[in-house]
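> Protein chains in written order, with my numbering: chain G, 1 to 461; chain P, 462 to 922.
Treat the hints as calculated values from the structure; they're not laboratory data. Fair warning: this is a prediction, and the values are worked out from it, not measured in the lab. A portion of the hints provided could be inaccurate.
[Stated by the list, open to error] Per the computed footprint, the stretches of chain G lying under chain P, defined by three or more beta-carbons under 8 Å from a beta-carbon of chain P, are:
1) 167-180
2) 192-206
3) 308-318
4) 323-335
5) 446-452
All C-beta atoms in this analysis are idealised placements derived from N, C-alpha and C, irrespective of residue type, glycine included.
2 protein chains.
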Amino acid sequence: MHATRTGEVMAAIRAKLTSRALVTGDRLPSIRRFAATMGVAPSTVVEAYDRLAGEGLIRSRRGSGFYVTGTGLPPMALAGAPSDRAVDPFWVSRQSLDADPATLKPGCGWLPADWMPHGALRRGFRALARAGDAILTDYGQTRGSLALRRLLAGRFAGEGLDVAPEQLLLVTSGTQAIDLICRFLLRAGDTVLVDDPCYFNFQALLRAHQARVVTVPYTQSGPDLDAFAAVLREERPRLYITNSALHNPTGATLAARTAHHLLTMAAAHDLTIVEDDIFADFEPEPSPRLAVLDGLHRVVRIGSFSKTLSASIRCGYIAARAEWVEGLVDLQIATGFGGPSPVAAEVIAGVLSGGSYRRHMDDLRQRLTRARRETARRLEPLGIRPWLMPRGGFYLWCQLPEGQDSATLARAAVTEGVVLAPGNVFSASGSASGFLRFNVAQAADPRIYKVLEGAMTTSQA
Amino acid sequence: MHATRTGEVMAAIRAKLTSRALVTGDRLPSIRRFAATMGVAPSTVVEAYDRLAGEGLIRSRRGSGFYVTGTGLPPMALAGAPSDRAVDPFWVSRQSLDADPATLKPGCGWLPADWMPHGALRRGFRALARAGDAILTDYGQTRGSLALRRLLAGRFAGEGLDVAPEQLLLVTSGTQAIDLICRFLLRAGDTVLVDDPCYFNFQALLRAHQARVVTVPYTQSGPDLDAFAAVLREERPRLYITNSALHNPTGATLAARTAHHLLTMAAAHDLTIVEDDIFADFEPEPSPRLAVLDGLHRVVRIGSFSKTLSASIRCGYIAARAEWVEGLVDLQIATGFGGPSPVAAEVIAGVLSGGSYRRHMDDLRQRLTRARRETARRLEPLGIRPWLMPRGGFYLWCQLPEGQDSATLARAAVTEGVVLAPGNVFSASGSASGFLRFNVAQAADPRIYKVLEGAMTTSQA
Chain G
1 MHATRTGEVM
11 AAIRAKLTSR
21 ALVTGDRLPS
31 IRRFAATMGV
41 APSTVVEAYD
51 RLAGEGLIRS
61 RRGSGFYVTG
71 TGLPPMALAG
81 APSDRAVDPF
91 WVSRQSLDAD
101 PATLKPGCGW
111 LPADWMPHGA
121 LRRGFRALAR
131 AGDAILTDYG
141 QTRGSLALRR
151 LLAGRFAGEG
161 LDVAPEQLLL
171 VTSGTQAIDL
181 ICRFLLRAGD
191 TVLVDDPCYF
201 NFQALLRAHQ
211 ARVVTVPYTQ
221 SGPDLDAFAA
231 VLREERPRLY
241 ITNSALHNPT
251 GATLAARTAH
261 HLLTMAAAHD
271 LTIVEDDIFA
281 DFEPEPSPRL
291 AVLDGLHRVV
301 RIGSFSKTLS
311 ASIRCGYIAA
321 RAEWVEGLVD
331 LQIATGFGGP
341 SPVAAEVIAG
351 VLSGGSYRRH
361 MDDLRQRLTR
371 ARRETARRLE
381 PLGIRPWLMP
391 RGGFYLWCQL
401 PEGQDSATLA
411 RAAVTEGVVL
421 APGNVFSASG
431 SASGFLRFNV
441 AQAADPRIYK
451 VLEGAMTTSQ
461 A
Chain P
462 MHATRTGEVM
472 AAIRAKLTSR
482 ALVTGDRLPS
492 IRRFAATMGV
502 APSTVVEAYD
512 RLAGEGLIRS
522 RRGSGFYVTG
532 TGLPPMALAG
542 APSDRAVDPF
552 WVSRQSLDAD
562 PATLKPGCGW
572 LPADWMPHGA
582 LRRGFRALAR
592 AGDAILTDYG
602 QTRGSLALRR
612 LLAGRFAGEG
622 LDVAPEQLLL
632 VTSGTQAIDL
642 ICRFLLRAGD
652 TVLVDDPCYF
662 NFQALLRAHQ
672 ARVVTVPYTQ
682 SGPDLDAFAA
692 VLREERPRLY
702 ITNSALHNPT
712 GATLAARTAH
722 HLLTMAAAHD
732 LTIVEDDIFA
742 DFEPEPSPRL
752 AVLDGLHRVV
762 RIGSFSKTLS
772 ASIRCGYIAA
782 RAEWVEGLVD
792 LQIATGFGGP
802 SPVAAEVIAG
812 VLSGGSYRRH
822 MDDLRQRLTR
832 ARRETARRLE
842 PLGIRPWLMP
852 RGGFYLWCQL
862 PEGQDSATLA
872 RAAVTEGVVL
882 APGNVFSASG
892 SASGFLRFNV
902 AQAADPRIYK
912 VLEGAMTTSQ
922 A
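The following block holds chain G by itself, in its conformation from the complex (with noise of 0.2 Å):
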């Protein structure tokens, strides 16, 4: 045994536990994984592993390895710039929203600024200008304008779904209503259960929590059953968290099958769900949803209007229990102080009423019809093929050709001004990194090609 060696190994994994690549709850790498990676026999990572654990830092469980303890972990990394920075679940958020002008984001969350309303937009603005004195500064009630709860309601309704306004509450955005009812019903190490693939910031989210995040497969119709009936009984998860419609990144859809199997199995298990439909309006019809045949019992339905109207009219909601909401509630509070803003809520509220939101996403979903063809189209001479072509929004999940990764792709092309969305920041088994997501909205300029052609090429020379 070299004592060097297992120093070496033993601060290796001290470094990810300082820097968070691992947190609480995480598995760290397998014995005969790390062994590799680090260029050392099997024996010396066992002997570190042994040993950090006998410090307390990781602990062993029978049969699946060793996991993160959460003793003596620093504060949140301190991470560097973000150019410097692994291309983990933060990289594509960062890339996106810190972009200048001139950069190309094909790999970002939301539309382009000239496909929202803005003429809508831009009445709500002016209402507000003669709106009554209260609304422009008070705090407002703690679960938001009764108005949008109300107009919410109504649209649930329509699709079966049955919500008194006092079980509603709204919030600044879809991700704090996830993280609000992560704070509500997670402790430290819970485990939740996200699909694989499933949007990145679910697992930067989860982090923050210091939750074990385990997976389940995303087929073309939802998880994979045998796969998720597994998870159940083995891993015990808390908390399962989904996009039913339009699933992010693999736009596909579940199924009405799927949907009641995975709800028997979740009743069996006391499994609660959070079902994020910020993409339902992108739907060319509706589809099955969990919270429409769980009658938000089990299931917690969040959304927002930050795709369809405006992002940064920083508005979302959370449909839940009644006795759930009285809880949210005092959470919004202790975290943020009051509901939602007002004036947001009237600008939603004046849009979402008027005839003029459906003609926008009427609008909106033919011309993503189109871009997405034309994106499918403009891909497959690189021979990068779409995994499904889905029946609506804005994304396109695709499958690299063999021997391309992702990541070295994704950094090759921000350093030409072109922001990727690479695949493993999608996958926490990390078995996504053939496939990148493209956002169709923003696919239309030819240079993302010629650049992908480029870096496609370098990486296999």
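Starting from the structure of chain G, add chain P where the hints point.
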């Protein structure tokens, strides 16, 4: 020993854990006090506490009683209807925010709508209706509007606090600012120091973080320095959260000498300080600031525009060490996605950069000075006296006549449509039951004094 009585005491404590009346790090009621409350012998409480400790739910700490461990606690409290609730730190918030328009709110924490600068805000919304497309619909940069951050940096420079715009992070509220910092720096069970009394929502926030709260008595010139030294030595808090300018609820001002000594002790014990500067613009002239003395080394400055401009346009800020801001940006992405509302920042920046803001604040200060005197004058015949006549702001921390309990008065007054702010919601040590906090801007209606007089008479009867 009566087994049944021991069981009753255990059940009573378990109920407090289930309802989160007690959370991780909280001290259990003293044996003597709880024996009196339950009408049992102290030895029965000793037996019950020992058994609960045996179950791991609580643990004893030598010489200082029993504490909640955080093992096996349920999810966040499922609260009952607001009116059934205990007079706890959420009580004033929920009663005030969800009050109907006819309710009088001398206990609330904001100015009446008609004291706010509606002209400037309406101009801001009209300008927004003519602004560029991107600001109306895009997420904006991760740190929020550069224009507003530059304005803030300019104002801070005028105080002698040099801050680069990169050291500023915009958020949706002052409370969210503190919440992000707590998420960044704290782990469940960490000890946090607050003033006694302090803003009640600090306690609610720290409960959500499962922090252990310790207190230092607040004097008319800041925290008591001897007590501060003792608590640093004995309790080793990780963080101290305070208001320096126009302390909430007392209206006291931090003295320069106190500020200097406090920072010296903080350095010796590696204590981080959050200085909540939300009332700064209400001061007649600037008072000493920890952030200015320290230069943002171990002090984090937070603030918002909810008290001076609008609570409906949710916008606050954090000024901190550059490397901390990087971590806070990640956390804000993970838990809320993107930065704070660009439209909110645009309106705030517009109002702050115009000349009208200074005039608005001049008017407010004069109006508040008159209201403060008038409120004190009207409380005098009831035997209710200010603990201190503050230099500015809208709070008056008042002592009740001997024998009056502010929670009893608050419960009686709310049934008559008057929301009061009883002392103990501000005191983590429960030592301020003889105080009420009045908002002098919300205290003009004579009915308030009638209801108060009636409640005091009834409670004495």
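> Tell me whether the statement that chain P covers the segment 308-318 of chain G is true, taking a Cβ distance below 8 Å and needing three residues at minimum.
n = 6 at 8 Å, threshold three: holds.
> Counting residues of the segment 446-452 of chain G whose CB is closer than 8 Å to a CB in chain P, do you get three or more?
Contact hint for the segment 446-452 of chain G vs chain P: violated, 0 residues under 8 Å.
> Given as covered by chain P, does the segment 192-206 of chain G meet the bar of three residues or more with CB within less than 8 Å?
With 3 residues close enough to chain P, the hint holds.
> Taking 8 Å as the Cβ threshold, is the statement that the segment 167-180 of chain G is covered by chain P upheld or broken by the three-residue rule?
Coverage by chain P holds for the segment 167-180 of chain G (6 residues, Cβ < 8 Å).
> Mind checking, does the segment 323-335 of chain G have 3 or more residues with a CB under 8 Å from chain P?
This one holds; 10 residues, not fewer than the three required, reach chain P with a Cβ under 8 Å.
The structure is inconsistent with hint 5 alone, although it conforms to all the rest.
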